[in-house]
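J.: Sequence:
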Amino acid sequence: MTVGEAVRRRILALCEERSITINRLSILSGVTQSTLNNIMSGRNHTTTVATVKKLCDGLNITVDEFFCPEYFHDLEQELK
1 MTVGEAVRRR
11 ILALCEERSI
21 TINRLSILSG
31 VTQSTLNNIM
41 SGRNHTTTVA
51 TVKKLCDGLN
61 ITVDEFFCPE
71 YFHDLEQELK
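Residue numbers (the working numbering): 1 to 80.
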């Protein structure tokens, strides 16, 4: 799994846990709808730490909690 796929998977899981939509997450976090759409569609392959921090703030979790799931521990190497 790539970093982008893991981030998408985590965002979906967190939204599902909280019963919120991606649009609602955009409002809560201050991350634009277009940025979130790009992340969720895979058009954005690298999400910045600043964006993840905003998402975490909107979800009221820490960055550590965001990256906690096991699938972040076994990511593919992405050297080009």
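Quick caveat, the hints were computed from the structure, so don't treat them as lab data. All C-beta atoms, glycine included, are put in the ideal place defined by N, C-alpha and C. Fair warning: there could be bad hints in the mix.
Cross-link-like lysine to any residue pairs, in silico, SDA-like; alpha carbons within 20 Å at most [claimed, not checked]:
#1 K53 <-> L28
#2 K53 <-> R8
#3 K54 <-> T32
#4 K53 <-> Y71
#5 K54 <-> Q77
#6 K53 <-> I27
#7 K53 <-> G4
#8 K54 <-> R10
Label-pair ranges, simulated between beta-carbon atoms [what the hints assert, rightly or not]:
#9 D74 <-> T32: 19 to 25 Å
#10 Q77 <-> R24: 21 to 27 Å
#11 T48 <-> P69: 17 to 23 Å
#12 R9 <-> T62: 17 to 23 Å
#13 T62 <-> M40: 29 to 35 Å
#14 V49 <-> L28: 29 to 35 Å
#15 I27 <-> Q77: 22 to 28 Å
#16 A13 <-> N38: 16 to 22 Å
J.: If a hint holds in the structure, say so; if it does not, say that too.
T.: For each hint, the structure was consulted:
no. : hint                    : in the structure
1   : K53 <-> L28             : holds (12 Å)
2   : K53 <-> R8              : holds (15 Å)
3   : K54 <-> T32             : holds (11 Å)
4   : K53 <-> Y71             : holds (19 Å)
5   : K54 <-> Q77             : violated (25 Å)
6   : K53 <-> I27             : holds (14 Å)
7   : K53 <-> G4              : holds (15 Å)
8   : K54 <-> R10             : holds (14 Å)
9   : D74 <-> T32: 19 to 25 Å : violated (31 Å)
10  : Q77 <-> R24: 21 to 27 Å : violated (34 Å)
11  : T48 <-> P69: 17 to 23 Å : holds (19 Å)
12  : R9 <-> T62: 17 to 23 Å  : holds (18 Å)
13  : T62 <-> M40: 29 to 35 Å : violated (22 Å)
14  : V49 <-> L28: 29 to 35 Å : violated (18 Å)
15  : I27 <-> Q77: 22 to 28 Å : violated (35 Å)
16  : A13 <-> N38: 16 to 22 Å : holds (19 Å)
Violated hints for the displayed structure, listed by number in ascending order: 5, 9, 10, 13, 14 and 15.
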